[in-house]
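Protein chains in written order, with the UniProt record's numbering: chain A, 1 to 320; chain B, 1 to 272.
Simulated from the structure, these hints should not be mistaken for laboratory data. If you're wondering where the values come from, they're calculated on a predicted model, not measured in any experiment. Any given hint might turn out to be false.
[To be verified] Below 16 Å or equal to it, Euclidean Cα-Cα: the simulated EDC-like pairs (lysine to aspartate or glutamate) are: (1) B:K7 with A:E220; (2) B:K112 with A:E124; (3) B:K66 with B:D134; (4) B:K7 with A:D252; (5) A:K228 with A:E217; (6) B:K66 with B:E168.
These are the residues of each chain, in order.
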Amino acid sequence: MAISEPLSAPRAVRRTRSTQVRRQRVRAAWLFLLPMLVALALVAGWPLIRTFYLSFTDASLANTGGAQFIGFENYLLYYEGTWYGLLVDPEWWRSVWNTLFFSVVSVSLETFFGVIVALILNAEFRGRMLVRAAVLIPWAIPTIVSAKMWAWMLNDQFGIINHALMGLGIIDNPLAWTANADLSMWAVIMVDVWKTIPFVALLVLAALQMLPKDCYEAAEVDGINPIKVFFRVTLPLITPALLVAVIFRALDALRVFDVIYVLTSNSTSTMTMSIYARQQLVQFQDVGYGSAASTLLFLIIALVTVAYLYLGRRQLGGDS
Amino acid sequence: MTMLASKRLWLAVLAWGITLVMFFPIFWMFLTGFKTEAAAVATPSLFFSPTLESYMAVLERTDYLKFAINSVIMAFGSTALALLIAVPCAYSMAFLPTPRTKGTLLWMLSTKMLPPVGVLMPIYLIFRDTGLLDSQLGLVIVYTLMNLPIVVWMLYTFFKDLPKDILEAGRMDGAGTSQEIIYLLLPLTLPGIASTGLLAIILSWNEAFWSLNLTSYDAAPLTAFIASFSSPEGLFWAKLSAASTMAIAPILVFGWLSQKQLVRGLTFGAVK
């Protein structure tokens with residue numbers, strides 16, 4: 001604890017009193033932090049270590065106490081000429097690929113549309129407070145509910161989306177959006193994009209409102225193309241906010257669970273790492289193997305989180 | 001001037017268009033809830049004779065009220081508990097910062113980024129061994145811990161906005177730390193605390209991963225109920241829509257009451 005002291009002050013007089021008070025306050029500070037730190041250690045620290053440990057055992061849900069330590073066998077095992085384990089499981093790699101595909105595509109689309117929505121909401125027009133509140137709603141309601149709602153709209157027989165597309169003559173026959181292996185990933189991405197555009201839009205909107213107005217007036221007076229103004233002036237200035245939004249969204253997308261759980265449940269064409277790990281743990285009750293998958297998922301997200309912390313120090317550093 | 005006016009008009013039309021597209025799914029669910037099952041699966045139409053049939057069916061034939069009560073207990077219980085732990089913690093970070101405060105805050109927020117499935121099994125096992133599975137208390141604990149980082153972070157941003165002199169003046173007058181918190185800090189930041197609480201309630205209300213995996217029936221909240229919603233009699237879309245509309249109604253009301261604060265919370269305090 002480095003406590004800075006006013007060097008110019010008459011030391012002998014102030015020191016005893018001020019250090020005593022300060023020491024007391026530092027103690028109070030730690031005392032107040034303690035419940036939170038203990039709680040987080042309990043919920044984040046200890047279970048993680050245990051998941052890590054379980055991934056090296058043959059534990060099953062029925063037999064967790066008597067689990068044997070089996071080393072890396074859940075990850076990789078060579079037995080009688082064949083490789084076994086998570087690292088050679090095509091379904092696991094499929095779910096890794098699905099997760100990455102989902103994350104990259106949906107975060108890109110969310111960012112793109114989020115910026116467009118923010119630019120429009122930044123303009124002045126009648127009822128814009130109402131519009132802003134309405135746009136927020138998809139982000140505020142439970143994902144379970146919105147996913148069910150979309151499942152209904154995307155229903156192959158009765159869904160309004162098939163009706164509308166057929167009415168417009170875009171498709172001839174109803175599409176099985178959530179059952180068709182080629183379409184289901186796109187259906188999931190569409191729902192996720194719909195839900196999270198408000199988040200990106202609001203972050204970007206906040207950044208837009210901080211921009212100095214006069215440089216836009218100057219650009220307008222000089223008759224510079226608005227598109228050019230956007231790329232040369234606006235975009236560089238909102239980049240910090242955009243980075244924060246993208247990182248938050250990317251970390252969320254990498255562990256996506258509920259939207260897929262509702263729309264396509266355990267279908268392999270949309271199976272992500274979280275869904276895969278949960279299926280092993282809960283459905284197949286293979287605690288050791290599922291823990292291995294959870295551990296790998298955690299490591300992947302930890303890597304991204306380190307990047308977040310690094311950027312967070314730089315980007316969030318300014319405002320707080 | 002006319003060019004500017006027409007530009008404005010176009011922007012407004014565009015903005016309202018986007019809003020309609022974004023809002024349409026919710027509107028459609030709302031409408032479907034007032035249809036009969038037969039009307040719901042007929043050719044989609046905005047014109048139909050509205051009925052409360054589906055609402056009645058949901059309330060009579062399912063334990064909707066029980067799940068709703070579970071949701072309320074868990075959302076409010078976990079929020080109260082989280083605030084109790086978070087207020088002193090945020091006070092400490094905002095007014096007694098140490099060189100490590102910033103790091104602690106970021107570390108705390110980063111736990112929010114953990115994949116919940118990474119800690120699912122150990123927590124499941126503890127709950128199984130202590131009889132907390134499918135209990136309201138169990139989920140209250142989980143939700144409290146889940147929301148703690150964001151609640152501390154939000155309170156911290158609100159506390160930091162408070163002029164330090166006010167608390168210092170209190171200290172000069174001989175207020176102890178707890179008096180300082182109870183008589184000065186809490187009344188002065190009540191709006192911020194209220195909106196933080198509101199956010200925590202909404203997050204708990206919306207939560208699904210833990211409620212799906214740690215409850216089965218007794219302690220299942222509305223999200224778990226809706227996720228598993230189906231009907232033995234076949235068609236259930238109108239009833240599902242009615243149940244869903246009832247489940248999001250409180251959020252819409254709360255959200256409307258605290259729009260601006262909600263934006264701040266849902267964007268992790270980045271938007272003020």
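Comparing the hints with the structure gives:
At roughly 14 Å between alpha-carbon atoms, K7 (chain B) and E220 (chain A) fall within 16 Å of each other, so this suggested pair holds. The suggested pairing of K112 (chain B) with E124 (chain A) is violated, with an alpha-carbon distance near 36 Å, which exceeds 16 Å. Using a Cα cut-off of 16 Å, the hinted pair K66 (chain B) and D134 (chain B) holds, with the two alpha carbons roughly 14 Å apart. The suggested pairing of K7 (chain B) with D252 (chain A) is violated, with an alpha-carbon distance near 37 Å, which exceeds 16 Å.
This hinted pair checks out: K228 (chain A) and E217 (chain A) have alpha carbons roughly 14 Å apart, not beyond 16 Å. For the proposed pair K66 (chain B) and E168 (chain B), the alpha carbon gap of about 48 Å is over 16 Å, so the pair is violated.
Of the numbered hints given earlier, the model fails hints 2, 4, 6; all others are met.
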